[in-house]
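Peer 1: Given the sequences, and given the hints that come with them, work out the whole structure.
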Amino acid sequence: MEERWKERKTKRRKIERKKESWKEEIWKKDEKKKDRKKDEKKKDGKKKDEKKSKEERKSGRKKEGIEWMALSVGLIMQGRQHVYHRVQGNGDEEDAPLRRARKRKGKNKKKKKKKDNDKDEEEIEEEEEEEEIEEEEEEIEEEEEEIEEEEEEIEEEKQKEEEVKKENDEHEEEIEKE
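Residue 59 in UniProt numbering sits at position 59 of the sequence shown; the count goes up by one each step and never skips.
The set of hints was computed from the structure by calculation and includes no laboratory data. We put the CB at the ideal spot given by N, CA and C, even for glycine. There may be inaccurate statements among the hints.
[Said to hold, decoys possible] As a list, the in silico DSS-like pairs of lysine-lysine whose alpha-carbon atoms are at most 27 Å apart: (1) 48 / 28; (2) 6 / 113; (3) 114 / 46; (4) 14 / 37; (5) 29 / 9; (6) 43 / 160; (7) 33 / 23; (8) 32 / 43; (9) 32 / 18; (10) 160 / 34; (11) 37 / 48; (12) 114 / 34; (13) 33 / 43; (14) 9 / 19; (15) 160 / 177; (16) 28 / 6; (17) 41 / 51; (18) 38 / 18; (19) 42 / 54; (20) 9 / 32; (21) 113 / 54.
[Unchecked claim] Label-pair distances were calculated between CB atoms; the ranges are: (22) 178 / 16: 49 to 59 Å; (23) 46 / 145: 50 to 60 Å; (24) 122 / 48: 16 to 26 Å; (25) 55 / 140: 50 to 60 Å.
Peer 2: Given below as structure tokens:
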């Protein structure tokens with residue numbers, strides 16, 4: 001009897017330790033997720049600031065470009081055609097911004113694909129971790145059920161022993177009375 005009680009206590013302690021360790025792991029994972037989200041928010045904020053500054057620069061460039069073209073036309077009218085070639089560049093410089101834009105689009109697409117792949121991998125890892133946690137929780141629940149069943153069996157045995165003792169005591173009393 002005492003051995004069973006000791007076994008039960010040790011099993012309970014093991015289960016409690018497991019539960020505590022799982023709680024700690026879950027808490028750590030939650031903290032990591034929160035940290036990741038904070039980092040992502042910071043990165044998003046920086047990206048937004050960068051976008052704003054880029055847009056401001058672009059708008060400034062457009063104005064400068066228009067002014068430059070007007071200036072170049074004025075200079076051409078004055079007979080300085082080399083400035084015109086610098087602006088037009090025989091068609092090379094005119095196409096350069098378009099080429100740069102095309103390159104940027106390609107790079108952005110590649111970056112997006114990489115980010116999507118990274119996110120997918122992170123989500124898969126998180127799902128696997130959650131599944132492992134669920135499986136371990138199920139194992140713990142099964143162990144708890146086993147312990148409860150053992151406790152019930154021990155209680156039944158105790159009741160039987162008590163009944164037997166009562167019957168023996170009653171029988172002895174009857175014998176003494178006779």
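Peer 1: Next pair to validate is residue 33 with residue 43; report whether the Cα-Cα distance is within 27 Å.
Peer 2: Measuring from Cα to Cα gives roughly 15 Å; hence the hint holds.
Peer 1: May I ask you to test the hint 49 to 59 Å on the CB atoms belonging to residue 178 and residue 16?
Peer 2: 55 Å, holds
Peer 1: Holds or violated: are the alpha carbons of residue 114 and residue 46 at most 27 Å from each other?
Peer 2: Between residue 114 and residue 46 the Cα gap is close to 19 Å, so the pair holds against 27 Å.
Peer 1: Please verify whether residue 28 and residue 6 have alpha carbons no more than 27 Å apart.
Peer 2: It is violated: about 33 Å lies between the C-alpha atoms, which goes past 27 Å.
Peer 1: Between residue 37 and residue 48, is the straight-line Cα distance small enough, at 27 Å or below?
Peer 2: 16 Å, holds
Peer 1: Would you mind confirming whether the straight-line C-alpha gap from residue 43 to residue 160 stays at or under 27 Å?
Peer 2: 70 Å, violated
Peer 1: Check the hint pairing residue 113 with residue 54 against an upper bound of 27 Å on the C-alpha distance.
Peer 2: 23 Å, holds
Peer 1: With a cut-off of 27 Å on the C-alpha distance, tell me whether residue 32 and residue 18 pass.
Peer 2: 21 Å, holds
Peer 1: Quickly compare the C-alpha distance for residue 6 and residue 113 to 27 Å and report which way the hint goes.
Peer 2: 58 Å, violated
Peer 1: For residue 29 and residue 9, compute the direct alpha-carbon distance and say whether it is at most 27 Å.
Peer 2: Roughly 30 Å separates the two Cα atoms, so the pair is violated.
Peer 1: Just to be careful, I want the Cα atoms of residue 114 and residue 34 compared with a cutoff of 27 Å; is the pair within it?
Peer 2: 22 Å, holds
Peer 1: Could you check the hint for me, namely that residue 55 and residue 140 are 50 to 60 Å apart, CB to CB?
Peer 2: 55 Å, holds
This entry does not satisfy hints 1, 2, 4, 5, 6, 10, 16, 18 and 20, going by the numbered hints stated previously.
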